[in-house]
Amino acid sequence: MTAISTTSQLGLASRLVNGVLSIKPLADFAKNRARNMMIQRAEAIGVPWRENVKQYAARDWENDLNSVKNPNLTYPDYYVTSFHAYEKGNLSWTAAWEVESAAHAVHAKIWPNAGPEGDSMLRSSYHNVLKKELPISPKTILDLGCSVGMSTFALQELYPEAKLTGLDLSPYFLAIAQYQDQQNKVNWVNEAAESTGLPDASFDLVSACLMFHELPQEPSKAIFREAKRLLKPGGYFTIMDMNPKSEVFAKMPPYVLTLLKSTEPYLDQYFSLDLAQICQETGFKAPKIIENSPRHRTIIISN
Numbered sequence: 113m114t115a116i117s118t119t120s121q122l123g124l125a126s127r128l129v130n131g132v133l134s135i136k137p138l139a140d141f142a143k144n145r146a147r148n149m150m151i152q153r154a155e156a157i158g159v160p161w162r163e164n165v166k167q168y169a170a171r172d173w174e175n176d177l178n179s180v181k182n183p184n185l186t187y188p189d190y191y192v193t194s195f196h197a198y199e200k201g202n203l204s205w206t207a208a209w210e211v212e213s214a215a216h217a218v219h220a221k222i223w224p225n226a227g228p229e230g231d232s233m234l235r236s237s238y239h240n241v242l243k244k245e246l247p248i249s250p251k252t253i254l255d256l257g258c259s260v261g262m263s264t265f266a267l268q269e270l271y272p273e274a275k276l277t278g279l280d281l282s283p284y285f286l287a288i289a290q291y292q293d294q295q296n297k298v299n300w301v302n303e304a305a306e307s308t309g310l311p312d313a314s315f316d317l318v319s320a321c322l323m324f325h326e327l328p329q330e331p332s333k334a335i336f337r338e339a340k341r342l343l344k345p346g347g348y349f350t351i352m353d354m355n356p357k358s359e360v361f362a363k364m365p366p367y368v369l370t371l372l373k374s375t376e377p378y379l380d381q382y383f384s385l386d387l388a389q390i391c392q393e394t395g396f397k398a399p400k401i402i403e404n405s406p407r408h409r410t411i412i413i414s415n
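Just so you know, we're using the working numbering here: the sequence shown kicks off at 113 and counts up by one.
Just so you know, the hints here were simulated from the structure itself, not pulled from any lab data. Hints are not guaranteed to be accurate.
[Stated by the list, open to error] Per label pair, the in silico range of CB-to-CB distance: (1) 386 to 166: 37 to 47 Å; (2) 296 to 225: 31 to 41 Å; (3) 225 to 183: 40 to 50 Å; (4) 312 to 156: 27 to 37 Å; (5) 247 to 303: 39 to 49 Å; (6) 224 to 166: 12 to 22 Å; (7) 144 to 400: 12 to 22 Å; (8) 400 to 221: 22 to 32 Å; (9) 311 to 249: 34 to 44 Å; (10) 184 to 152: 33 to 43 Å; (11) 311 to 224: 27 to 37 Å; (12) 312 to 166: 24 to 34 Å.
[As the list claims (entries may be wrong)] Within a straight-line C-alpha distance of at most 30 Å, the following computed BS3-like cross-link-like pairs (lysine-lysine) qualify: (13) 333 to 275; (14) 297 to 251; (15) 275 to 340; (16) 251 to 397; (17) 340 to 363; (18) 181 to 275; (19) 243 to 275; (20) 221 to 344; (21) 200 to 181.
Beta carbons: idealized from backbone N, C-alpha and C, even for Gly.
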């Protein structure tokens, strides 16, 4: 795994953290600590994490799961691993039931006093960039790594006339998303973002919100190629994710960095991803990168 290269300071810290996390008992401790801190933060800002999970768990989800699950899907090796302190990663009900609460907890401190509104503020900051930078009003949109649909529903609100497709590897996430799609407006697809099986040139906008930091570099490059195939001429590939050049990460205390990396196994590879080179290799135009929060960036790539 490539070390973070944002600054020499962060690179050294990252290497030290990698050493700590290579010791399984310490890694397990860090994961549990990170998870408990998120639960405590969520409930401190008024997000009832435990109660939300209790309500989800009281429902029978089997029919929902069967209606979205692709029985022919083979999960990539990189996906069948621990994510976000879940041993089964995203392939579990617990992970699916906790996504929304976790998002509110993680994004609560992006801006001072944002609290539970931090998540919606982050998504709005992304959408504000899209409204300013995209000269088109997309009619067909693909939301890659859509999770439980938070990003998909937000895009639907931004572009109410568009036809949305939400794609994710986790059928558990998609079962939640489909359940929450009360008006049945979105086409939910259980596939890998690097091999969607969707038709060529079928989307005006391909969006990936908070997905790439959870990927190794090879599937990331494959997703760029797939986005290129899926986009119509004049379409756009847009990404919103962590900003490796943010001062927040450069100055992050080693203890906090340890907790972060314990739940994000591919963070090093994401931070060293060469976007300009990938765009050149896949035939995209040079990316335009715009900061949309103190620790996030929006990447606009035209086809």
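Results for each hint:
One distance hint, 37 to 47 Å for the beta-carbon pair residue 386 and residue 166, holds here, with the actual separation near 44 Å. At roughly 37 Å, the beta carbons of residue 296 and residue 225 sit within the given window of 31 to 41 Å. Take residue 225 and residue 183: their Cβ atoms lie about 47 Å apart, and the range 40 to 50 Å holds. As the Cβ distance of residue 312 to residue 156 is approximately 48 Å, the hint placing it in 27 to 37 Å is violated.
Between residue 247 and residue 303 the Cβ separation comes to about 29 Å, which falls outside the hinted range of 39 to 49 Å. The given range of 12 to 22 Å is broken by residue 224 and residue 166, whose C-beta atoms sit roughly 31 Å from each other. A hinted range of 12 to 22 Å for the beta carbons of residue 144 and residue 400 is inconsistent with their spacing of about 40 Å. For the hinted restraint 22 to 32 Å between residue 400 and residue 221, the CB-CB distance of approximately 27 Å keeps it satisfied.
At roughly 21 Å, the beta carbons of residue 311 and residue 249 sit outside the given window of 34 to 44 Å. Checked against the hint of 33 to 43 Å, the C-beta distance between residue 184 and residue 152 comes to roughly 41 Å, which is consistent with it. Taking 27 to 37 Å as the suggested C-beta distance range, the pair residue 311 and residue 224 does not conform, at roughly 45 Å. Between residue 312 and residue 166 the Cβ separation comes to about 45 Å, which falls outside the hinted range of 24 to 34 Å.
For the suggested pair residue 333 and residue 275, the alpha carbons sit about 26 Å apart, so the restraint of at most 30 Å is met. Annotation: proposed proximity of residue 297 to residue 251 holds, straight-line Cα distance about 13 Å (limit 30 Å). In summary, the hint linking residue 275 to residue 340 is supported, as the alpha carbons are separated by about 19 Å, within the 30 Å threshold. With a C-alpha separation of about 22 Å, the suggested pair residue 251 and residue 397 falls inside the 30 Å cut-off, and the hint holds.
Taken as a hint, the residue 340 and residue 363 pair is broken in the structure, with Cα atoms around 35 Å apart against an allowance of 30 Å. For the given pair, residue 181 sits about 21 Å from residue 275 by alpha-carbon distance, which is consistent with the 30 Å threshold. Simply put, residue 243 and residue 275 have alpha-carbon atoms about 17 Å apart, close enough for the 30 Å limit, and the pair holds. Taking the CA atoms of residue 221 and residue 344, the gap is about 38 Å. The hint is violated against a cut of 30 Å.
With a CA separation close to 17 Å, the supplied pair residue 200 and residue 181 stays within the 30 Å bound.
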